[in-house]
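Protein chains: 2
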Amino acid sequence: MHTNPTPTDDSRGAVTDSELIIQALAAGRNKRVRKLMTRLHPAKIAALIERLDDERRDALWQQVAPERETAILHHLRPGLRERLRRQAAEDAANEPREPQHDEPKGHRGKAKQNANHLQDVRDALADGKLKRVGKLLQQTHPAKVAGLLEALPPEERTVVWSMVETERAGKVLTYLHEDVCASLARDLDPDELVASVQTLELDDLVDLIQDLPHELGAQLRAAAGASRRKQLDELLSYPEDSAGGLMNADVIEVRAKLRIGTVMRYLRLLETLPPQTDMLMVVDRQGIYQGVLRLSALVTTDFSARVSDVMHTDVRPIPVQTPDVDVARQFEDHDLLSAPVIDDEGRLLGRITVDDVVDLIREDSERAVMNMAGLDQEADMFAPVLTSSRRRAVWLGINLATAFLAAWVIGLFQATLQQVVALAVLMPIVASMGGIAGSQTLTLVIRGLALGQIQPGNVRLLLTRELGISALNGVLWAIVIALLAVVWFDSWTLGIILGAAILINLLSAAFAGLSIPLLLHRAGIDPALAGSVVLTTVTDVVGFFAFLGLATLWLV
Amino acid sequence: MHTNPTPTDDSRGAVTDSELIIQALAAGRNKRVRKLMTRLHPAKIAALIERLDDERRDALWQQVAPERETAILHHLRPGLRERLRRQAAEDAANEPREPQHDEPKGHRGKAKQNANHLQDVRDALADGKLKRVGKLLQQTHPAKVAGLLEALPPEERTVVWSMVETERAGKVLTYLHEDVCASLARDLDPDELVASVQTLELDDLVDLIQDLPHELGAQLRAAAGASRRKQLDELLSYPEDSAGGLMNADVIEVRAKLRIGTVMRYLRLLETLPPQTDMLMVVDRQGIYQGVLRLSALVTTDFSARVSDVMHTDVRPIPVQTPDVDVARQFEDHDLLSAPVIDDEGRLLGRITVDDVVDLIREDSERAVMNMAGLDQEADMFAPVLTSSRRRAVWLGINLATAFLAAWVIGLFQATLQQVVALAVLMPIVASMGGIAGSQTLTLVIRGLALGQIQPGNVRLLLTRELGISALNGVLWAIVIALLAVVWFDSWTLGIILGAAILINLLSAAFAGLSIPLLLHRAGIDPALAGSVVLTTVTDVVGFFAFLGLATLWLV
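Residue numbers (the numbering used here), protein chains in the order written: chain A, 22 to 577; chain B, 22 to 577.
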């Protein structure tokens, strides 16, 4: 398993374990501290504790496993023993208020629990009570531990991460967003990282390897046993965003001609089924998919019946190249819990389970919203300021280019503005109304495209309708705004020009809101990402041009 | 079942079925035409066909059930018989190219299939081949029929809807968005509506009743049998957005002391289990929830074991008042397929299945994106223009108020603008950069709030970080923009003023982007809905004020 020897292993001859512990403690590598201590006799640990200054002694004591405390105290000199014993008693008295977070007992709103959790952990951190942090983490579901880590600023995050048990660290990694996952995986020693993923399901491991930087992923791959590595390589060969990337290889296959009783005996020999198993897969001698045997059919059928009598052949297998969004749609439409995945020849390759589809849907929707603000990669709320600044700067730069385009249009009409300064005051209203109206159409069209409801056949109809809506709202708001302008600047001409510009901009906004996403979609660009920048540029340019152009014609 | 007699039933004495068929045909009520025809002898239908003019004859022929064609043709006069026979043969030859859309055969990308589907249906409609439309619909999953109906403009939608078989219409309704669902349900005769929901699962029926206008929902409730109505009323008593609203009552309960063999015998008596059953619920004599018996445990356990030996007590039951977003988060975190729901006393009330959670997550994410554009209720792409205009006008009006606020700020500096018209040209750049930077922070914070990762404890840290990012980007872009302005207008003072305004606005944007969603959240307003309007107002006002204010101080 330890294919990548750690420095520890190499240098054990030269440096004592005690010195290694002191080094690891200074580096905040608490996981390694705990691991190193398991090798030492309590007496040696006691001797080490006696050698340390107060601060480091307390820090080390926080890493001692509860079951070894008594043995170590026994070897200490009396004064120190008394002090640490008192401290241990204090820690025990200060137990977290809700000891069983994941048990059926505490029925409470989750957000509130989460809040308490974060506060509990931060309080314990502030007091240096790492033992308590460790205990809190152990009682928390890995998904929540992940959420908690993401809610912590970097320094505290590193400390809390060092208190996550190695066996649970792998599962926690799978729940983290890509950025955070990579940085925390780097915090682990290579052998810790390998040890942490031992119990992961294969599909989770595949996802993790794909999320991690290449060299870390390669370490995990290399550390897997031969048979697991073979399965791993096969799953890794499919694109991440395809059915193959969502698939797991843990199917249970049966033959159609078997009797139900035989299947049941076979299952009892297996003792446990893979998680989220709601059906067995029926295949023929060549491994060609034939249908599914639902567990619910299995338990309601007589033992003498054959699999072929009760298997369902109406479950459509998913070809391995199917894009993941189509897989998600299929799960939604057919209320699936799991689905078979096949290759081009119809051979069964694996299965997709609904929990991965749920994660996919959630990630997609999160990405859509983030993309609209140009935050495509900013999953970590506490990523380094410089990294985040650089990423966001790109979006600001793109926006700047479009803003200068709008400014250039205004620049064409400087002479007019000089004469009628009220135009400068009212300009933003035209642009803003156009932007809002356009983004309404844009959002509707992006959604329609995502749902596959916009087709060449109905685009013209949709355009008519959107133009109709814009015309109605254009007339309404043109009149309102014109009247307001007349009252404000006491000029009917100005009011009429403003109203006309609003109407023109709302109509062009409807046209742009419809055509921009369609063009982007055809060009293979995600309309949710680029749509709103392009749209605002159009509505700004058209708005300013219409308003100032009309003014130049009539007012000057 | 027919508690609401249709006009048909009332007037059967006075008007012949043939006349009713002609009336229904003229009204486009094809479902009723087909129903009426089932009552008539083929000879009578033949006589009716002979009486009609060409157009109506073809229309009626499209509603004849395929299995009755031969019998009816037999009774027709020879010339007509030949013509209709030829037409039937033609229709058969023109069969849709992919006859088995929902069978395992056609492994193809779904979006493409969908497109073909829509086109096939529209082509058939254009040719008046309603029979083919009906056949296409029958081969399509109800979820896809729903998608197809939503993609059609109103007139075609009505015709296609009239060709959906009554038994499948209820299921289709459950997949439609609220608006479309209500309007299509209204298109049905009351007895058709009642008949269409007969086979729906209880939780789907509950959702449908909640989606429909009150009077239609009441009809469905009244039409249910006494025992079904009792269950229905109980489910309807919970808020739609709570665990109770997601719950279904179709649990299978067992006692902990039973032997596995006994449970298996009991299940075989049931013959089928409710869909999405992955576990049985273990309750005591008082109905108090005790744990779950997974089917996967059931099939891998010896018959002589007791339920209590293999049941899982670590599945946390969901209290019935839990908000639905928390339910969704729990399903995601724990990879659940279903979960028990309990009341305050711990009594088992029902279960929630993952398919409803998937729908919930999808709807929530869709709503979030739509809300950001002020389209909260516009689920129907082809809703009447007037309705949509009215809904969108509200959002435009709100935006107008904020736009006027910005205009008012500019108005304060008219004298300055008069002197330096270049200010008017550059103004939009300041506002636009602030808006983009602010919306980046805003989006990040809204997401953090949704994930429960923003807590009183880390807000200050987040603010420091966001201000840091804004400061870096502010300095960078202030310099770039200032230099561009210097080149354009050949004025260092103007450049410096512009740069300073950009920096100020980006810093205030970070502050506003963080504080606005937090304040809205605390006030109980969805930050995703109102956040961006409020934010833009702030960045516009601050941007204009800073830029024009500085200019007034230094330039004038």
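Misleading hints may appear alongside valid ones.
Here are the computed distance ranges between Cβ atoms for each label pair [to be verified]:
(1) B:P260 - A:A86: 45 to 51 Å
(2) A:S248 - B:L482: 42 to 48 Å
(3) A:E236 - B:T514: 51 to 57 Å
Going by beta-carbon spacing under 8 Å, a handful of chain B positions derived as facing chain A [to be verified]:
(4) T187
(5) V320
(6) E387
(7) A389
(8) S409
(9) N420
(10) L421
(11) A422
(12) F425
The hints are simulated quantities; they were obtained by calculation from the structure and are not laboratory data.
A virtual CB, placed ideally from N, CA and C, is assigned to each residue, including glycine.
Hints, verified against the model:
Judged by the Cβ atoms, the range 45 to 51 Å given for B:P260 and A:A86 holds: they are separated by roughly 47 Å. Separation of A:S248 from B:L482 is about 46 Å and conforms to the stated range, judged on CB atoms against 42 to 48 Å. A:E236 and B:T514 have their C-beta atoms about 53 Å apart, which keeps the hinted 51 to 57 Å range intact. For B:T187, the interface hint is violated, the least distance from its beta-carbon to any beta-carbon of chain A being 21 Å, above 8 Å.
Among the interface hints, the one on B:V320 holds; its C-beta lies about 5 Å from the nearest C-beta in chain A, closer than the 8 Å criterion. For B:E387, the interface hint holds, since its Cβ comes within 8 Å of a Cβ in chain A; the closest pair sits about 7 Å apart. About 6 Å separates the beta-carbon of B:A389 from the nearest beta-carbon of chain A, less than 8 Å, and the hint is met. Given hint, B:S409 at the interface with chain A, holds; its Cβ is 5 Å from that chain's nearest Cβ, closer than 8 Å.
Taking 8 Å as the C-beta cut-off, the interface hint given for B:N420 holds, the closest approach to chain A being about 5 Å. Satisfaction of the interface hint for B:L421 is found here, the shortest Cβ-Cβ separation to chain A being roughly 7 Å, below the 8 Å cut-off. Residue-level restraint check for B:A422 is violated (minimum Cβ-Cβ distance to chain A is 11 Å; threshold 8 Å). The closest approach between the C-beta of B:F425 and any C-beta of chain A is roughly 7 Å, which is under the 8 Å cut-off, so the hint is satisfied.
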